[in-house]
Structure formats: C-alpha cells, structure tokens
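Can you build the whole structure from these sequences, using the hints too?
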Amino acid sequence: MDAEAAKYIGAGLAVLPLLGVGLGLGIMFGQFLSGAFRNPSATSGLTGNFFIAFALTEATGLFALVIAFLILFS
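Per the UniProt record's numbering, the sequence shown runs over residues 1 to 74.
Please note: incorrect hints may appear among the correct ones.
What follows is a set of in silico ranges between Cβ atoms, one per label pair, in the way DEER data are often shown [what the hints assert, rightly or not]: (1) F54 with L16: 17 to 25 Å; (2) G10 with E58: 17 to 25 Å; (3) A5 with N39: 48 to 56 Å; (4) A53 with A5: 19 to 27 Å; (5) F63 with G35: 47 to 55 Å; (6) S74 with A42: 43 to 51 Å.
Calculated directly from the structure, the hints in this document are not laboratory data.
Where a beta carbon is used, it is the ideal one built from N, C-alpha and C, also for glycine.
And the structure:
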C-alpha cells in the first residue's frame, strides 16, 4: 500500500466520529425542544446545561476534524 493511500484512509477513519456528533446534536436539540415545549417554566434552568453539553459535543467533532487535517497535511 502506498503511503499516500494510507494517509487518505487514516484521515477518513479519523472523521468517523463526526457521524456520532451529528446524531448526538440532533437528539440533544430534539429532546431539549420537547422538554421546553412540555414545561416552558423549566426551560431557563436547563438552558445553561444544554449549552455546556452542546459545546462539549461540538468540541468532539472539531477535535476529530483537526486530527483528520493533521493526518492529511503533515
């Protein structure tokens, strides 16, 4: 196997966590909106935790993307 081909395969495998991040964000937003519509008075208490969970989930995707770029361009 050529080194260039191995690089592309490794970068493709490093991007796979982005699939989980997309699913996780969709589920998280859907559940938050469902809870907010059911009990609007509790939304203010959950918003801070929601944004922390959103940031951590999104950071996982960004880390995977950075690793993929490091594999490709180094």
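Status of the hints after comparison with the structure:
1. A C-beta distance of roughly 21 Å is found between F54 and L16, which places it inside the suggested range of 17 to 25 Å.
2. Checked against the hint of 17 to 25 Å, the pair G10 and E58 passes, with Cβ atoms roughly 23 Å apart.
3. In this structure the supplied range 48 to 56 Å holds for A5 paired with N39, their Cβ-Cβ distance being about 53 Å.
4. In this structure, A53 and A5 break the distance hint of 19 to 27 Å, their C-beta atoms being roughly 38 Å apart.
5. Taking the beta carbon of each, F63 and G35 are about 28 Å apart, not inside 47 to 55 Å as hinted.
6. Taking the beta carbon of each, S74 and A42 are about 47 Å apart, inside 43 to 51 Å as hinted.
Hint compliance for this structure: hints 4, 5 are broken, all remaining hints hold.
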